[in-house]
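Asks: Produce the entire structure from the sequences given, and follow the hints as far as they go.
As you go down the protein sequences, you meet chains A and B in turn.
So the first sequence is numbered by the numbering used here: it starts at 1 and just counts up by one.
So the second sequence is numbered by the numbering used here: it starts at 1 and just counts up by one.
Simulated from the structure, these hints should not be mistaken for lab results.
Just so we're clear, the structure is a prediction, and the values are computed from it rather than from any experiment.
It is possible that some hints are incorrect.
[Unchecked claim] Here are the computed lysine-lysine pairs in the DSS-like style, where the Cα-Cα straight-line distance is at most 27 Å: (1) 371/A / 122/B; (2) 124/B / 257/A; (3) 375/A / 122/B; (4) 2/B / 240/B; (5) 46/B / 210/B; (6) 477/B / 492/B; (7) 259/A / 124/B; (8) 122/B / 257/A; (9) 296/A / 320/B; (10) 138/A / 124/B; (11) 332/A / 477/B; (12) 320/B / 332/A; (13) 299/A / 320/B; (14) 138/A / 122/B; (15) 135/A / 122/B; (16) 227/A / 122/B; (17) 135/A / 2/B; (18) 122/B / 259/A; (19) 299/A / 375/A; (20) 124/B / 375/A; (21) 371/A / 124/B; (22) 332/A / 339/B.
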Amino acid sequence: MQNRFPKPDFESGYLYPEPHYPIPHEALWSYIDVGVLLLLMSFVAWAIIKKQVRWPVTLTSVLSVAYFGFFRQGCVCSIGAIQNVALAWTTPSYSLPLYVLLFFLLPVLFALFWGRVFCAGVCPFGALQDLVHVKNYKLSKAVTGALSTFPWIYLGFALLFAVTNSQFILCRFDPFVGIFRLGGEGALILFGVLLLFFSIFTGRPFCRFICPYGAILGLFSQISFRKISITKQECINCQLCHNACPVDAIRPPYVNKVKERRAAGVHRILRYMIFTPVIIIAGSTVMYVLSDKFSKANKEVQLYEAVMQNEARPQEVQSLELQAFYGQGRAKEELWTEVEVIKKEFRIWSGIIGAFIGLIISLTLINLSAKRTRKSYEIDHAKCVCCGRCFSYCPQNQKNIISV
Amino acid sequence: MKRTISRNIAVVSAIFMIAFSIMLIVNYFQVNGSDTTQSEAMEQLKQANEENGNNPLLQEQIRRLDLLARKAYFISLNRLKVGMAILLAMAGIFVISIRVYLAKSKEIPDKDIDPIDDWLIKSKTRRYLVWAAAGVTLGGLLFALLTSPYLKNTLQPKKTPDITVGPDMQEVPEMEHIVPISETAKVVAKDEVEIKAETEATAIPIETSKVTHNGFRGNHSLGISNATHIPTSWNLSSGKNILWKVKTPRQGFNSPVINGNKVFFSGADDNARELYCYELNSGIELWRLRVQPLSGSPHQMPEISDETGLAASGVATNGKQVCAIFATGELICADIEGKQLWAKNIGVPDNHYGFASSLLIFQDLLIIQYDNLNAPRVIALDVATGNRRWTKERPERNPSWSSPIIATVDNKPQLILVGNPGITAYNPNTGEAYWRVECMSGEPAASPAYANGIVFGAAEYADMTAISAADGSVLWKADDFLPEVSSPVATKEFVFVATSYGVVASYDAQTGALVKYMELATEFYSSPIIAEGKIYLISNSGAVYIFSAKSDFELITSFETGERTYATPAFTDKKVVIRTEEHIYCAEVK
Numbered sequence: 001m002q003n004r005f006p007k008p009d010f011e012s013g014y015l016y017p018e019p020h021y022p023i024p025h026e027a028l029w030s031y032i033d034v035g036v037l038l039l040l041m042s043f044v045a046w047a048i049i050k051k052q053v054r055w056p057v058t059l060t061s062v063l064s065v066a067y068f069g070f071f072r073q074g075c076v077c078s079i080g081a082i083q084n085v086a087l088a089w090t091t092p093s094y095s096l097p098l099y100v101l102l103f104f105l106l107p108v109l110f111a112l113f114w115g116r117v118f119c120a121g122v123c124p125f126g127a128l129q130d131l132v133h134v135k136n137y138k139l140s141k142a143v144t145g146a147l148s149t150f151p152w153i154y155l156g157f158a159l160l161f162a163v164t165n166s167q168f169i170l171c172r173f174d175p176f177v178g179i180f181r182l183g184g185e186g187a188l189i190l191f192g193v194l195l196l197f198f199s200i201f202t203g204r205p206f207c208r209f210i211c212p213y214g215a216i217l218g219l220f221s222q223i224s225f226r227k228i229s230i231t232k233q234e235c236i237n238c239q240l241c242h243n244a245c246p247v248d249a250i251r252p253p254y255v256n257k258v259k260e261r262r263a264a265g266v267h268r269i270l271r272y273m274i275f276t277p278v279i280i281i282a283g284s285t286v287m288y289v290l291s292d293k294f295s296k297a298n299k300e301v302q303l304y305e306a307v308m309q310n311e312a313r314p315q316e317v318q319s320l321e322l323q324a325f326y327g328q329g330r331a332k333e334e335l336w337t338e339v340e341v342i343k344k345e346f347r348i349w350s351g352i353i354g355a356f357i358g359l360i361i362s363l364t365l366i367n368l369s370a371k372r373t374r375k376s377y378e379i380d381h382a383k384c385v386c387c388g389r390c391f392s393y394c395p396q397n398q399k400n401i402i403s404v
Numbered sequence: 001m002k003r004t005i006s007r008n009i010a011v012v013s014a015i016f017m018i019a020f021s022i023m024l025i026v027n028y029f030q031v032n033g034s035d036t037t038q039s040e041a042m043e044q045l046k047q048a049n050e051e052n053g054n055n056p057l058l059q060e061q062i063r064r065l066d067l068l069a070r071k072a073y074f075i076s077l078n079r080l081k082v083g084m085a086i087l088l089a090m091a092g093i094f095v096i097s098i099r100v101y102l103a104k105s106k107e108i109p110d111k112d113i114d115p116i117d118d119w120l121i122k123s124k125t126r127r128y129l130v131w132a133a134a135g136v137t138l139g140g141l142l143f144a145l146l147t148s149p150y151l152k153n154t155l156q157p158k159k160t161p162d163i164t165v166g167p168d169m170q171e172v173p174e175m176e177h178i179v180p181i182s183e184t185a186k187v188v189a190k191d192e193v194e195i196k197a198e199t200e201a202t203a204i205p206i207e208t209s210k211v212t213h214n215g216f217r218g219n220h221s222l223g224i225s226n227a228t229h230i231p232t233s234w235n236l237s238s239g240k241n242i243l244w245k246v247k248t249p250r251q252g253f254n255s256p257v258i259n260g261n262k263v264f265f266s267g268a269d270d271n272a273r274e275l276y277c278y279e280l281n282s283g284i285e286l287w288r289l290r291v292q293p294l295s296g297s298p299h300q301m302p303e304i305s306d307e308t309g310l311a312a313s314g315v316a317t318n319g320k321q322v323c324a325i326f327a328t329g330e331l332i333c334a335d336i337e338g339k340q341l342w343a344k345n346i347g348v349p350d351n352h353y354g355f356a357s358s359l360l361i362f363q364d365l366l367i368i369q370y371d372n373l374n375a376p377r378v379i380a381l382d383v384a385t386g387n388r389r390w391t392k393e394r395p396e397r398n399p400s401w402s403s404p405i406i407a408t409v410d411n412k413p414q415l416i417l418v419g420n421p422g423i424t425a426y427n428p429n430t431g432e433a434y435w436r437v438e439c440m441s442g443e444p445a446a447s448p449a450y451a452n453g454i455v456f457g458a459a460e461y462a463d464m465t466a467i468s469a470a471d472g473s474v475l476w477k478a479d480d481f482l483p484e485v486s487s488p489v490a491t492k493e494f495v496f497v498a499t500s501y502g503v504v505a506s507y508d509a510q511t512g513a514l515v516k517y518m519e520l521a522t523e524f525y526s527s528p529i530i531a532e533g534k535i536y537l538i539s540n541s542g543a544v545y546i547f548s549a550k551s552d553f554e555l556i557t558s559f560e561t562g563e564r565t566y567a568t569p570a571f572t573d574k575k576v577v578i579r580t581e582e583h584i585y586c587a588e589v590k
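Replies: Written out as structure tokens, the structure reads:
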């Protein structure tokens with residue numbers, strides 16, 4: 001907006017009103033947000049763990065979209081809070097607001113106790129996708145399996161740009177916030193609309209293939225104390241729940257019929273284990289090599305490049321950043337010193353993040369190399385978003401209702 | 001029945017959404033694409049306002065246009081928001097209706113598209129993952145390799161200098177930068193500078209005015225400055241209001257120019273041609289750039305009048321580059337830190353007094369009025385690279401010493417050149433001639449003046465001719481008092497001239513009637529400049545005359561500076577920089 005409306009070039013005689021600063025009430029709303037978050041997560045946890053019913057999840061989804069989405073306009077959100085926490089962790093001078101920390105921690109704590117109840121309908125992004133989901137068309141499991149590593153990679157990049165104090169890319173490229181705010185960057189709104197369109201036919205594409213917070217919650221959900229179950233009765237392997245799950249989080253029974261020597265399977269796993277350091281080093285190296293490119297996301301680096309470009313070929317109309325730089329009388333050398341420090345940080349963190357991405361890929365490959373036998377339908381708790389759709393499909397639950 | 005209704009609602013809402021989305025997208029691009037507060041019309045109005053010394057009518061026009069643009073923006077923004085809300089509501093209706101329509105199919109979930117063979121799926125997933133990871137890794141490495149500075153330098157073809165710049169223009173790709181900014185230079189310069197301020201004062205951050213004086217007679221060479229708080233008296237002998245005074249390293253009649261805290265001018269003799277940069281606030285020499293032997297430069301200096309010299313042409317800057325031209329045809333351009341960007345010889349001008357037309361920078365164009373007996377032409381070069389943008393042959397078969405100006409006519413720039421016999425208006429971006437009036441004779445040295453849609457050209461052995469810049473029609477002619485060297489300056493109401501025989505006169509700009517004249521018993525070569533509603537004029541003997549810039553101009557004050565002066569002073573807030581025969585000095589309000 002500042003770019004769009006520069007101040008007039010000459011005095012018009014108009015007297016600018018005295019700036020008036022109202023007493024901030026944002027803090028109050030922030031704590032109301034935390035209260036609503038707690039309340040809704042508790043409500044969902046009660047519904048899916050204790051009662052095994054879906055209607056509270058739908059109700060929560062409507063409330064969440066209305067409150068966290070349209071009313072609070074999608075901020076603060078737990079997904080974006082990852083970056084605040086990461087920045088606060090590496091930058092002592094950055095003061096992390098308590099409510100932001102709570103937004104990050106509370107869903108994790110709930111996941112540790114009851115699974116991804118936050119994703120079920122409390123997260124406005126997940127809720128919005130869930131509400132528009134109409135018909136569940138299945139996607140190739142091999143493709144979705146490979147795509148499920150992407151949230152971790154996205155998480156890695158989000159951390160890289162956050163800890164280097166460059167950009168909060170999770171907020172910058174948020175596809176739904178433009179919809180909630182009824183305006184924003186056209187391309188992102190279009191992306192959000194496309195995600196919603198696909199959500200009509202397949203469950204929650206954003207949650208499954210993009211959301212890094214979902215990946216973190218999935219990790220905790222696997223070790224949660226009280227896990228969601230499809231039915232409290234004995235599974236009759238009817239397959240209905242598996243077909244109904246919009247996020248492919250129900251694994252069918254499987255008996256290993258592959259004729260393979262045990263040693264061959266062990267060798268395969270060992271091979272991946274041995275290659276793990278190689279993959280980690282490769283990831284780290286690639287990211288290190290590209291660190292200079294990543295550093296261009298930093299404002300100071302961008303400014304330095306703009307200054308150098310302007311020095312080489314002066315521009316008739318200078319950007320506001322350049323005007324500010326020259327207006328402040330800052331020296332190029334001083335800026336270069338700052339840029340060197342930033343670039344060094346980028347090299348270090350890119351290497352670390354690259355290693356992290358390499359590790360994720362290795363662990364996924366190892367995990368995919370193990371054969372596991374299942375006798376009945378089981379929930380993959382890392383993937384399960386606790387939407388509760390499976391409850392009504394299970395004939396055992398119907399029997400239970402009838403008996404009641 | 002219920003299913004049919006819901007299906008129909010879903011279809012209607014879907015059609016509505018698609019149509020509405022298209023409308024919203026169009027609106028979105030309208031809102032984001034247009035930037036009417038910085039439109040071309042607005043910029044031209046601002047430029048016209050700047051050139052017309054903050055004209056209240058123009059300012060009012062700018063305000064109205066600005067307000068209109070802002071209102072239009074917010075109305076469109078509001079439409080976009082309301083449209084989004086409607087679209088969301090329709091999306092809600094669509095989802096609900098389609099859910100109702102598909103409610104029956106709930107009990108028959110879709111089957112897996114994969115056979116439920118866990119191991120097969122895992123194996124495929126592994127394969128996809130390995131290929132994707134390998135692809136991304138290789139892609140990343142390839143990208144890093146292709147964009148590495150080393151490879152860029154190796155792969156990019158080396159650019160050869162543009163050698164198609166004209167029949168007698170010759171390029172020299174590299175020249176030595178003689179004296180960069182160095183402590184030594186500063187110390188040497190300090191010895192030469194009669195600085196009144198304490199040396200420590202230079203360490204204090206100095207406020208620099210935004211008012212520039214980028215060429216001969218100021219910006220666009222119109223003889224009008226926006227400077228304020230200009231000193232109205234100073235004296236070189238007593239040092240009154242003199243901030244600094246420095247002996248010029250080499251001779252030159254060219255006028256200084258000011259941009260920020262830098263003063264630029266040039267000097268030349270038989271031994272060297274040089275461009276200088278001095279610090280405005282201290283008079284310390286920051287750098288000098290000497291012309292190195294160029295292909296096409298004469299071994300012997302051309303024979304020219306001592307009254308012109310080798311460095312009579314004014315330098316020009318845009319705050320990023322600064323350029324100078326000499327009577328040898330040598331042209332150099334440096335960045336403002338003194339690093340040479342390019343140099344070339346455009347051919348020795350065949351001119352019996354010596355070349356004197358000053359340079360003009362318009363946007364990214366360096367404009368040279370190259371009127372001489374051998375291939376007269378007007379040349380526009382890229383100021384950053386020296387590459388030719390356009391060249392136009394001129395029908396003037398006699399040399400002139402006049403300099404180009406830029407006039408903004410109906411929000412469009414016109415490049416105005418006075419020659420013998422024509423006054424010509426060009427499009428500065430293309431060189432296309434807008435109009436031409438053949439009305440000059442003798443040896444035109446005075447540059448044209450422009451104000452309020454009228455171009456004024458004058459020479460001693462011709463007439464003062466007023467031409468409508470819109471169509472090139474002659475409005476009036478007058479011959480009462482005519483300038484020889486000093487250029488006229490114009491306002492909406494009058495044209496002011498200073499003659500070489502000591503008469504200063506004003507003409508009615510609309511009718512050409514002589515309004516008033518004064519005989520001052522001196523000579524004027526320096527050109528008058530209008531600033532703060534006053535006309536500043538220096539005589540050859542060094543007397544400063546300050547008149548009120550009204551039609552019945554009154555002499556407000558006059559005083560002797562003590563040194564002969566031919567160059568036109570350069571103005572910025574609180575300061576005037578004046579070049580005398582042997583010195584350059586800065587007068588400041590104290």
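Asks: State for each hint whether it applies.
Replies: Here's how the hints hold up against the structure:
For the hint linking residue 371/A to residue 122/B, the alpha-carbon distance of about 9 Å falls within 27 Å, and the restraint holds. Of the pairs offered as hints, the one joining residue 124/B and residue 257/A holds, with about 17 Å between alpha carbons and a cut-off of 27 Å not exceeded. Between the alpha carbons of residue 375/A and residue 122/B the distance comes to roughly 18 Å, so the proposed pair stays at or under 27 Å and holds. A threshold of 27 Å between alpha carbons decides the hint, and for residue 2/B with residue 240/B the separation of about 98 Å lies outside it, so the pair is violated.
Straight-line distance between C-alpha atoms of residue 46/B and residue 210/B comes to about 16 Å, which keeps the hinted pair within the 27 Å bound. With a C-alpha separation of about 17 Å, the suggested pairing of residue 477/B with residue 492/B holds against the 27 Å cut-off. For the suggested pair residue 259/A and residue 124/B, the alpha carbons sit about 17 Å apart, so the restraint of at most 27 Å is met. Using a Cα cut-off of 27 Å, the hinted pair residue 122/B and residue 257/A holds, with the two alpha carbons roughly 14 Å apart.
Only pairs whose Cα atoms come within 27 Å are accepted, and residue 296/A paired with residue 320/B is accepted, the gap being roughly 25 Å. Simply put, residue 138/A and residue 124/B have alpha-carbon atoms about 17 Å apart, close enough for the 27 Å limit, and the pair holds. For the given pair, residue 332/A sits about 55 Å from residue 477/B by alpha-carbon distance, which is inconsistent with the 27 Å threshold. Restraint check: the Cα-Cα separation between residue 320/B and residue 332/A comes to about 15 Å, which is no more than 27 Å; the hinted pair holds.
With a CA separation close to 24 Å, the supplied pair residue 299/A and residue 320/B stays within the 27 Å bound. A C-alpha spacing of about 17 Å is found between residue 138/A and residue 122/B, which places the hinted pair at or below 27 Å, so the restraint holds. The hinted pair formed by residue 135/A and residue 122/B meets the criterion: a straight-line CA distance of about 26 Å does not exceed 27 Å. Taken as a hint, the residue 227/A and residue 122/B pair is honoured in the structure, with Cα atoms around 25 Å apart against an allowance of 27 Å.
The suggested pairing of residue 135/A with residue 2/B holds, with an alpha-carbon distance near 19 Å, which does not exceed 27 Å. Simply put, residue 122/B and residue 259/A have alpha-carbon atoms about 16 Å apart, close enough for the 27 Å limit, and the pair holds. The suggested pairing of residue 299/A with residue 375/A is violated, with an alpha-carbon distance near 55 Å, which exceeds 27 Å. Note on residue 124/B and residue 375/A: the hinted pairing holds, with a Cα-Cα distance of about 23 Å set against a maximum of 27 Å.
Only pairs whose Cα atoms come within 27 Å are accepted, and residue 371/A paired with residue 124/B is accepted, the gap being roughly 14 Å. Between residue 332/A and residue 339/B the CA atoms are separated by roughly 16 Å; this keeps the pair inside 27 Å, and the hint holds.
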